[in-house]
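Protein sequences, first through last, are from chains A and B. Start counting the first sequence at 1; every next residue gets the next number (the UniProt record's numbering). Start counting the second sequence at 1; every next residue gets the next number (the UniProt record's numbering).
Everything labelled a hint here was simulated from the structure, so no lab data went into it. Predicted, not measured: the structure shown is a model, and the values here were computed from it. Each hint should be verified, as a subset may be incorrect.
To be verified - Sample of chain B residues with no beta-carbon within 10 Å of chain A, all distances over it, derived:
{"hint": "1", "residue": "G102"}
{"hint": "2", "residue": "E103"}
{"hint": "3", "residue": "T153"}
{"hint": "4", "residue": "E215"}
{"hint": "5", "residue": "F225"}
{"hint": "6", "residue": "G228"}
{"hint": "7", "residue": "F244"}
{"hint": "8", "residue": "S264"}
{"hint": "9", "residue": "S267"}
{"hint": "10", "residue": "F273"}
{"hint": "11", "residue": "S285"}
{"hint": "12", "residue": "V311"}
{"hint": "13", "residue": "H327"}
{"hint": "14", "residue": "K369"}
{"hint": "15", "residue": "I432"}
{"hint": "16", "residue": "C443"}
What the hints assert, rightly or not - 25 Å max Cα-Cα, derived DMTMM-like pairs, lysine to aspartate or glutamate:
{"hint": "17", "chain 1": "A", "residue 1": "K512", "chain 2": "B", "residue 2": "E431"}
{"hint": "18", "chain 1": "B", "residue 1": "K427", "chain 2": "A", "residue 2": "E445"}
{"hint": "19", "chain 1": "B", "residue 1": "K322", "chain 2": "A", "residue 2": "D495"}
{"hint": "20", "chain 1": "B", "residue 1": "K420", "chain 2": "B", "residue 2": "E431"}
{"hint": "21", "chain 1": "A", "residue 1": "K235", "chain 2": "A", "residue 2": "E445"}
{"hint": "22", "chain 1": "A", "residue 1": "K11", "chain 2": "B", "residue 2": "E364"}
{"hint": "23", "chain 1": "A", "residue 1": "K515", "chain 2": "B", "residue 2": "E438"}
{"hint": "24", "chain 1": "A", "residue 1": "K272", "chain 2": "A", "residue 2": "E445"}
{"hint": "25", "chain 1": "B", "residue 1": "K369", "chain 2": "B", "residue 2": "E441"}
{"hint": "26", "chain 1": "A", "residue 1": "K513", "chain 2": "B", "residue 2": "E438"}
{"hint": "27", "chain 1": "A", "residue 1": "K343", "chain 2": "B", "residue 2": "E441"}
{"hint": "28", "chain 1": "A", "residue 1": "K438", "chain 2": "B", "residue 2": "D39"}
{"hint": "29", "chain 1": "A", "residue 1": "K512", "chain 2": "B", "residue 2": "E423"}
{"hint": "30", "chain 1": "A", "residue 1": "K503", "chain 2": "B", "residue 2": "E431"}
{"hint": "31", "chain 1": "A", "residue 1": "K503", "chain 2": "B", "residue 2": "E364"}
{"hint": "32", "chain 1": "B", "residue 1": "K437", "chain 2": "A", "residue 2": "D464"}
{"hint": "33", "chain 1": "A", "residue 1": "K461", "chain 2": "B", "residue 2": "D349"}
{"hint": "34", "chain 1": "B", "residue 1": "K437", "chain 2": "A", "residue 2": "E520"}
{"hint": "35", "chain 1": "B", "residue 1": "K420", "chain 2": "A", "residue 2": "E485"}
{"hint": "36", "chain 1": "A", "residue 1": "K461", "chain 2": "B", "residue 2": "D347"}
{"hint": "37", "chain 1": "B", "residue 1": "K48", "chain 2": "A", "residue 2": "E394"}
{"hint": "38", "chain 1": "A", "residue 1": "K438", "chain 2": "B", "residue 2": "E41"}
{"hint": "39", "chain 1": "B", "residue 1": "K369", "chain 2": "A", "residue 2": "D496"}
{"hint": "40", "chain 1": "A", "residue 1": "K461", "chain 2": "B", "residue 2": "E302"}
Ideal placement from N, C-alpha and C gives every residue a C-beta, glycine not left out.
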Amino acid sequence: MRSICLVERVKWKFGGNMNPHAFGFGDVDNDEDNEFVIGNLKGELAVFKGISVCGEPYMICNGLGTITCLAIGDIKNSGKNSIVCVNAEGQCHIFDVAPSNELIPIVDNENTTTSSKKSNDSQNSTMRPIINVNPLIIEKPTMTLPVPVNCNRILIADIDGDGINEVILARTDRILHVLRFQKLSIDNIKSLTKEQQNILARSNMMTDLASEMANSKDKEKKGANIVMHLVEKKKLFFDGQITSLSTAKDPITSSPLLLVGQPGGHLIIIDKNEKKTFPTQVSDNPESCDELTEVSTEIVSGIRFKNGERLDVVAIITMDGKFTLYDLQNSSMRHHELRVTHKLFGMAAMNLCINGDKKCLDEPEKLGDDIFVTCAWNGNTYMIDHDFNVVKFEFETRVCAFAAGQYAIAPGHNVNCFMYVDFEDRITVYYNLRINTKPVTNFTEIMNGQFNQFDELLRNKIPDYDQEKKALSNGQNQSVYNITEFFHQCLYQLDDYKNMKAKLQREIEELKKQKREEYEKEQNELREKNVPTESDKLGSADESESLNEEQSRNHQHESSSISEQEECTFNILQDVEKREIENE
Amino acid sequence: MEVEYFNESHFSRFSSGGRTNIYGLSVFTTRLGSGLPYDREFPSNTSKCLSLEILTNNLRNRENKERIHQHLFVSSFYGVTCFVSAQGYWNTIDLPLDKDIGEIISMDVFSSINSDFVFALTTAHSGQRIIPDDDSQSQFSLRIYSLSDYALTFMEDAIFKIIGNCQSIRINFTPTQLAHTTINKEDEDCTALILCGNDGGVHLYIEEKGTKKWEEISVRPYFPFLAGFADSNSNILSLEIKEFQNIKIIAAGCQNGMLHVSISKRSESAGDFEQQEQSSVALFSPITSISIFKSSTSEKEEIHMLVTCAVEQAIVYCYVDKKLLKHPFYLRECSQHDSVLCSHIMDIDWDGQNEILVGTYGRELLVYKQGMITFQLIWQRSFMHPIYRISGLDLNEDGVEELIVATQYGVHILQPNLHKAKEQLFKVLNEIDALDKEYKELCT
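Given only the sequences and the hints, what does the whole structure look like? Please build it.
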């Protein structure tokens, strides 16, 4: 397994204990740059924007209850993203954030920065001015809606293919709720059929509705008798704890699929018609089955390109390191055991090509396959590709939450980032990730099959050339010393190469002279006969000769005198001869 | 787009608590090759002992011993990690050193006339462990492990065997750099260990032929220039001795910032080196490394000397063999990244011109290329931890040299841009091939 180091990082402040899923990447202020949103169990929500060298969030909001999960998405189907933050008490807080350039406090902050700089200067302080950008404080959410209690997973996605986003909430009591945001006027609610009102009642929302209606009386006075609601569309029951939620696209119908993770590495796929499929078979052995049911499972779908076609591949990882890739197209599964000493948690898919380069997104054929990133409690992070090549990064301390996603460190560029939330109230953000999951390669592998055109030359220069080349093409690149030695010589001992060249050039010169003499002799002998073709040939040879001379001059500026070169060449020749004798 | 000269292949972290220092890296050139096969876990496989199973089942055929191999040794406080190069891979070995030897200060690995494999360490003992009948002031020792067994089969075997064969010499000064050189003793070439210390002196140790024990000998007959420092409070931190055909250059950098250089030329009559010139300059900050190098890889070229300082930037003394210290060139960018700790010379783009690599405590690696009259920064790369040593060797024996960067907590192995190497190789091959063909055409 390869191990790497990540270098560029920044540390942010964020306190409190948190649910390892209460964070999200997304464009909360609709400026096309991704922000990072995180919430803790004390009800504090923080939004980070940009590099934030001082470590402070961009905006914060307090008193939001026991935040268990959050998501960023177009919950209102208005074309704009909101932050959706759900707490254990059954409240869903929705924040609409205005773009930063419309926010006056930011301008204020900039002013205070410059003024503090000035004041520091006037105090003749030798220290750098401490730039303390205070986060914007949001008094309260844009709106708070009632939802079922004890939700611990949230997903905003269109799961029925009607182009309208649903909110999917998973509860700790194995029930999944599918809700839709709706604007209802009071009259609408009153005019709902009994059945629909029953649905609302069953989802424990009636009391909230009543209070909401009471609240709305104030609004009525202002003429706004429209109430926002999350109306329940579906309710699904599961056998096991819902440990993970994700979506994918059906490779045949292109309709959306909801993926639900179940303990023990199990996956349930739900299509838009609520048809459930269970691609992971529960083992026949009841004992092993019991063992597995304890293990939490994470599910993520990632992109893979197969014959230029973009496909979703589902990655399933159990917290003890069983990694499975499920191919939706042919329903095939591949397994890999990740040997880990600490429990894993959290997984994300990441495309390494996107890093800061938006052009990639416009040309999907340039996109590579996604890799999957997972992290263990001790900070060990594993990056796995579709061929099960694994690269490890060791984060320096224990972590309580890990996030991997796209974030705009600098405006205008969403780049891949790793975020580690530790137990010391800090978030460490790694950006500009240089990750390559390919195994360690070597030069012989790169050159394999590439130098056939030089066969003739190399056969003369390298002892056992054919034998070694054959070994190389058979994948046995462990006995090709003569070839690598020659490559090394060509790259690092340019003197030898120059001498080799000089020797050849000199020999060519001599031969030419000889030929010319012979030719002249011939000419003398056959004076009466005219041979035009011969002289033509010679002319062209002369041309190439002068070219070669020029090249050599360019190459060996300030190079040594001919006599020394001869000596060296002689040595090389001797070496070659010696080798040949040895080989024989 | 910026050219990436190197990409990180692997980061090998020292076992817990390990840290290296500026004397903690050594490249061992030997005829001993690797004997262990490719491991499935490569490159993170680490062996701590040679299991019999491996020995009997997987031992690779003994290779032709004529071939030269280079292996890498890196020390961390309590241990030494060895990277044994093999074709297409390398094997990592944690040396099973006795914990009682103390903290490792400096290290050198080489082969001498008598021994195929010599592994020398200087160590500092913790205060409590003082042997009663010993000089209580002496906390330091020089430990020399050696093997002269010509029947050695392969490198890994040698590494595990050498641990058992150790000679320990108590030293009563704080050791710094440990190096080796060849001296001419009684008309015979012999390999000597050079140890610098805080007593201002340079100590020389040689192996007695009969007893095979290492003993200290006087420096003065061999290095009168270095012997001159014994009285002063100079405390040599870094020492470099280089020979180029008829010129021998000795440079010593001291803790107090003094840099001394001496040039000797081989006298035509006696065939021995005779000191010609020497020069000193005060740089006012501890000198962390010295590299004397030729500007190009070819035979006749200018000789420069690169000196790095803890506080000031790195300085190249151009044409040091002729102009001594009169032509300094400052590598300015280095001063922006804290103390400059190490340097290395390597042709990173295979054009025959050597580049300068500089590593800093500020975690930055800087690469300079020589222009017409200046050195220009062409590439830089940040690391996670302070950089203590840089080196280059062909660790996977594929013909291109890997860059080794030893940072505080581990060793980074970086491979050069292999596609660029391919382009360069093709350029060279094409040229030779064209000439070769022309030659053959003319022959027929």
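Do the hints match the structure? See the list:
1. In this structure G102/B is separated from chain A by more than 10 Å, as the shortest Cβ-Cβ distance comes to about 27 Å.
2. With a least beta-carbon separation of about 23 Å from chain A, E103/B lies farther than 10 Å from that chain, consistent with its non-interface assignment.
3. Listed as outside the interface, T153/B is consistent with that label: its C-beta sits roughly 17 Å from the nearest C-beta of chain A, beyond the 10 Å cut-off.
4. Residue placement check: E215/B keeps its beta carbon more than 10 Å from all beta carbons of chain A (closest about 39 Å).
5. Against chain A, the non-interface label of F225/B holds: every CB pair exceeds 10 Å, the least being about 31 Å.
6. With a minimum CB-CB distance of about 37 Å to chain A, G228/B clears the 10 Å threshold, and the non-interface call stands.
7. Distance check on F244/B: its Cβ is at least 14 Å (rounded) from any Cβ of chain A, clearing the 10 Å threshold; non-interface status holds.
8. S264/B, annotated as away from the interface, keeps every beta carbon of chain A farther than 10 Å; the closest lies near 23 Å.
9. A cut-off of 10 Å between C-beta atoms confirms that S267/B is not in contact with chain A; the least separation is 22 Å.
10. At roughly 23 Å from the closest C-beta of chain A, the C-beta of F273/B stays outside 10 Å, upholding its exclusion from the interface.
11. The Cβ of S285/B sits about 22 Å from the closest Cβ of chain A, beyond the 10 Å cut-off, so the non-interface label holds.
12. At the 10 Å boundary, the C-beta of V311/B stays outside the reach of chain A, the nearest C-beta of that chain being 19 Å off.
13. Against chain A, the non-interface label of H327/B holds: every CB pair exceeds 10 Å, the least being about 19 Å.
14. For K369/B, the non-interface assignment is confirmed: its Cβ lies about 16 Å from the closest Cβ of chain A, beyond the 10 Å cut-off.
15. Consistency note on I432/B: stated as away from chain A, yet its beta-carbon is not over 10 Å from all of that chain's, at 6 Å minimum.
16. Against the 10 Å criterion, C443/B falls within the reach of chain A, whose nearest CB is about 7 Å from its own CB.
17. A threshold of 25 Å between alpha carbons decides the hint, and for K512/A with E431/B the separation of about 19 Å falls inside it, so the pair holds.
18. This hinted pair checks out: K427/B and E445/A have alpha carbons roughly 19 Å apart, not beyond 25 Å.
19. At most 25 Å may separate the alpha-carbon atoms for a hinted pair to count; K322/B and D495/A meet this at roughly 23 Å.
20. At most 25 Å may separate the alpha-carbon atoms for a hinted pair to count; K420/B and E431/B meet this at roughly 17 Å.
21. Between the alpha carbons of K235/A and E445/A the distance comes to roughly 55 Å, so the proposed pair goes past 25 Å and is violated.
22. With a CA separation close to 20 Å, the supplied pair K11/A and E364/B stays within the 25 Å bound.
23. Between K515/A and E438/B, the direct Cα distance comes to roughly 13 Å. Compliance with the 25 Å bound is thereby established for this hinted pair.
24. Between K272/A and E445/A the CA atoms are separated by roughly 48 Å; this puts the pair beyond 25 Å, and the hint is violated.
25. Simply put, K369/B and E441/B have alpha-carbon atoms about 40 Å apart, too far for the 25 Å limit, and the pair is violated.
26. A threshold of 25 Å between alpha carbons decides the hint, and for K513/A with E438/B the separation of about 14 Å falls inside it, so the pair holds.
27. For the hint linking K343/A to E441/B, the alpha-carbon distance of about 69 Å lies beyond 25 Å, and the restraint is violated.
28. Our distance criterion of 25 Å between C-alpha atoms is met by K438/A and D39/B, whose separation comes to about 17 Å.
29. Between the alpha carbons of K512/A and E423/B the distance comes to roughly 31 Å, so the proposed pair goes past 25 Å and is violated.
30. With a C-alpha separation of about 13 Å, the suggested pairing of K503/A with E431/B holds against the 25 Å cut-off.
31. Only pairs whose Cα atoms come within 25 Å are accepted, and K503/A paired with E364/B is rejected, the gap being roughly 44 Å.
32. Proposed proximity of K437/B and D464/A is supported: the alpha carbons are some 21 Å apart, at most 25 Å.
33. A hinted pair counts as satisfied when its Cα atoms are at most 25 Å apart, and K461/A with D349/B qualifies at roughly 24 Å.
34. For a cut-off of 25 Å, the pair hint linking K437/B to E520/A stands: about 24 Å separates their Cα positions.
35. Of the supplied pair hints, the one linking K420/B and E485/A holds, its CA atoms being roughly 18 Å apart against a limit of 25 Å.
36. With a C-alpha separation of about 24 Å, the suggested pair K461/A and D347/B falls inside the 25 Å cut-off, and the hint holds.
37. Of the pairs offered as hints, the one joining K48/B and E394/A holds, with about 22 Å between alpha carbons and a cut-off of 25 Å not exceeded.
38. Taking the CA atoms of K438/A and E41/B, the gap is near 14 Å; set against the 25 Å cutoff, the hint holds.
39. For the hint pairing K369/B with D496/A, the CA-to-CA distance comes to about 22 Å; that is within 25 Å, so the pair holds.
40. Only pairs whose Cα atoms come within 25 Å are accepted, and K461/A paired with E302/B is rejected, the gap being roughly 31 Å.
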